[in-house]
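Protein chains: 2
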Amino acid sequence: MTVESREWYLASYAPQGVPNSEHLKLRTVRVSLEPHSIPDGHLAIQTLLLSIDPYIRTRFTGPNNLDGLYFPQFHLNQVITGVGIGRVKVSKDSKYKEGDIVLVFGDLPFADYSVISSTKVSTKIDHPTHDDDAIPLPIYLSCLGCPGFAAWISIEVIGKPKEGSNVFISAASGGVGMIAGQLAKLKGCRVIGSTGSDEKVKLMKEEFGYDDGFNYNKEADFDAALTKYFPDGIDVYVDNVGGKMLEAVLDHVNKHARIPLCGMISQYDKVWTERDGVRNLLNLVGKEVRMEGFLIGSYFNLFDDFAKDMKEYIKEGKLKPKHQINIGIETALDSLNSLFTSSNNGKVIIQFNA
Amino acid sequence: MTVESREWYLASYAPQGVPNSEHLKLRTVRVSLEPHSIPDGHLAIQTLLLSIDPYIRTRFTGPNNLDGLYFPQFHLNQVITGVGIGRVKVSKDSKYKEGDIVLVFGDLPFADYSVISSTKVSTKIDHPTHDDDAIPLPIYLSCLGCPGFAAWISIEVIGKPKEGSNVFISAASGGVGMIAGQLAKLKGCRVIGSTGSDEKVKLMKEEFGYDDGFNYNKEADFDAALTKYFPDGIDVYVDNVGGKMLEAVLDHVNKHARIPLCGMISQYDKVWTERDGVRNLLNLVGKEVRMEGFLIGSYFNLFDDFAKDMKEYIKEGKLKPKHQINIGIETALDSLNSLFTSSNNGKVIIQFNA
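Residue numbers (the numbering used here), protein chains in the order written: chain L, 379 to 732; chain W, 379 to 732.
The set of hints was computed from the structure by calculation and includes no laboratory data.
A hint or two may mislead.
Copies of the same chain look alike in the list, so a pair counts if it works inside one copy or between any two.
As the list claims (entries may be wrong) - Within a straight-line C-alpha distance of at most 30 Å, the following computed DSS-like cross-link-like pairs (lysine-lysine) qualify: (1) LYS633 x LYS498; (2) LYS686 x LYS502; (3) LYS689 x LYS467; (4) LYS633 x LYS538; (5) LYS696 x LYS538; (6) LYS622 x LYS648; (7) LYS467 x LYS563; (8) LYS403 x LYS565; (9) LYS540 x LYS633; (10) LYS686 x LYS633; (11) LYS498 x LYS686; (12) LYS606 x LYS698; (13) LYS473 x LYS698; (14) LYS475 x LYS580; (15) LYS473 x LYS700; (16) LYS622 x LYS633.
Go ahead and model the full structure; you've got the sequences and the hints to work with.
Given below as structure tokens:
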């Protein structure tokens, strides 16, 4: 038996700018689900959900690029991959059987169907379909997945705000930001976020419980905005955007502030020599600030602690994720671009028609 | 009895550029050494040595300045102060007596004689004049003083290189750099430094034991220089200069590198909006780098550990400081400026004619 499968592939490199339909194209192929055609140690997967994350944009830039994130570049014609959840259709690994739901970090093709090595599977998800209390699958791509883990590391491992600390979150209603802000609120912090629309400011305040927030498109003088929202300075800044916002923050940090760097979405679509220079790093000395970048892969030894925390918060209703579920693989390019135009609303996930 | 005393005072603010004789002027006053004219809890001090440190330049900028270091600004007409060693001439505090040698961190006037609160004294130095094994006084302003402590914090507390780590030091033959480099060598690291003259490159290699080094004026393409000197990347960068060198380093850091920020001398003479922007901070994320600024004042709980380490190294001949001793208070302005033109050679200290 073979099935039709649509898949997104890299048609041309995108050294700068937001990728468009010249760079990423959708094609239809046929995938065999005959067991004899699946190599040993491999699984045939039907994709159920794909996570749309900003970092992936840095993988379209082209070879020999010094983007600063250093994720492997996709080759021309290669099917792009990301984080997602799929159902095992055929298993050639005794650890998995048909019908298993599996989570794949980073290497799940943007395709209806794919054949991958079972070593790419991060975890099997116990997902009883007739249990009303079961954790909905999209949660595994937000609170319990990469964005949630990045948020948890930012707050619990690097930022470590105390009760009453002044915490600032950029991209505050996005996949990482919305969870980081809520985790900081759970620690009793005063939390302010920046985001790209009034609607999302409302979401942050009414749904996520932020103390306040601002639309960076309207309050374009970041220094003035931070003066207004942080009369007592910033103790922890969870940076998801970099560039001008990071520079503005450095003039408002308190002594011994911590700045976990999750990512810098404002910089991904620029070649590095044209990126925003941060001129006031001397604040790091005068205010004795620790600024620390991280990737979640280095913290998997803490994943169980994270998952335990999060499951409890979710069970107790203390964490409210917001998902923007776009339907169908054909929405992938628009879904990705919505992150860069800030037209998304919460964590963007593609749900397959399957 | 009164004595004549020359003193440097701030005649006009220096918002940018290297301070000159318009900004800092020398005047002669008379200071009374009559005990009844010294307030209780105060000491009349005859200055013996003054430390010339880059940070002091940031105190001439003027009020309301956001320089990033945030040291208090000197007022117009105020005698400037710094780190130094003096001899007590008159004591109105029972803890000190005439003839005591005292170390003052930060608040010793640039003057032949001064009257200061005894609370400004950091420590009394046990300095038997007829003991050939006594630690020479200038050592208390280098290895055993602020620059030594900053170097020790950079290496032992923040940078923590391991045996075999690749360590890069900027301003590598200056007060902090020369000690940081030697401490890294004592830990078995491969240590490379950058400095401002061929003569100082030679000093670094032949006296301080650096594995190699380069003159940043000759190798002005920092990226090429770092490619050459760090084929295996940089694990720890002790940053004393900031700006373009810091930017270049960020393209050569290894995974989990640490960057202790001691200071940024390349930026002190610029208003902050004209400072060099660092465009490639995204490397901090991709390489998971920790960049951390500090001031020694936050680490005094570790001072005894530091002093113990250093005294042992000095006793065993494992640390070789280099001092540029300039004679006479009248050399203060030139001494300071030599730091910014990199025409100094080692830790700059003014020895008084006393």
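Same-copy or cross-copy closeness of LYS606 to LYS698 [CA-CA at most 30 Å] = within (27 Å within a copy, 51 Å between copies)
ask   = Under a CA distance limit of 30 Å, which applies to LYS498 and LYS686: within one copy, between copies, both, or neither?
value = Within one copy, since 23 Å is at most 30 Å while 52 Å is not.
inquiry  = Treating 30 Å as the Cα threshold, decide for LYS696 and LYS538: within, between, both or neither.
reply    = Classified as within: same-chain Cα gap 19 Å, cross-chain 39 Å, threshold 30 Å.
task = Up to 30 Å between alpha-carbons, please classify LYS633 paired with LYS498: within, between, both or neither.
result = between (43 Å within a copy, 23 Å between copies)
ask   = Between LYS686 and LYS633, at a C-alpha cutoff of 30 Å, which is it: within one copy, between copies, both, or neither?
value = So LYS686 and LYS633 pass the 30 Å test across copies only (29 Å; inside, 32 Å).
task = Indicate which option fits the pair LYS689, LYS467 if close means a Cα-Cα distance not exceeding 30 Å: within, between, both or neither.
result = within (28 Å within a copy, 69 Å between copies)
key: Identical-chain pair category, LYS403 with LYS565, by Cα at 30 Å   = neither (44 Å within a copy, 54 Å between copies)
ask   = Between LYS686 and LYS502, at a C-alpha cutoff of 30 Å, which is it: within one copy, between copies, both, or neither?
value = Within. Shortest intra-copy distance 16 Å satisfies the 30 Å Cα cut-off; inter-copy 55 Å does not.
task = Can you give me the call for LYS475 and LYS580, within, between, both or neither, at a CA distance of at most 30 Å?
result = neither (44 Å within a copy, 68 Å between copies)
query = How would you classify LYS473 and LYS698 at a CA-CA limit of 30 Å: within, between, both, or neither?
reply = For LYS473 and LYS698, neither the intra-copy (33 Å) nor the inter-copy (62 Å) Cα distance is at most 30 Å.
ask   = Checking LYS622 and LYS633: alpha-carbon separation at most 30 Å within a copy, between copies, both or neither?
value = Both: 21 Å inside a copy, 25 Å across copies.
request  = Pop the pair LYS622 and LYS648 into one bin, within, between, both or neither, using alpha-carbon distances up to 30 Å.
outcome  = Both: 14 Å inside a chain and 19 Å across chains, each within 30 Å.
Consistency note: the structure conflicts with the earlier hints numbered 7, 8, 13, 14, 15.
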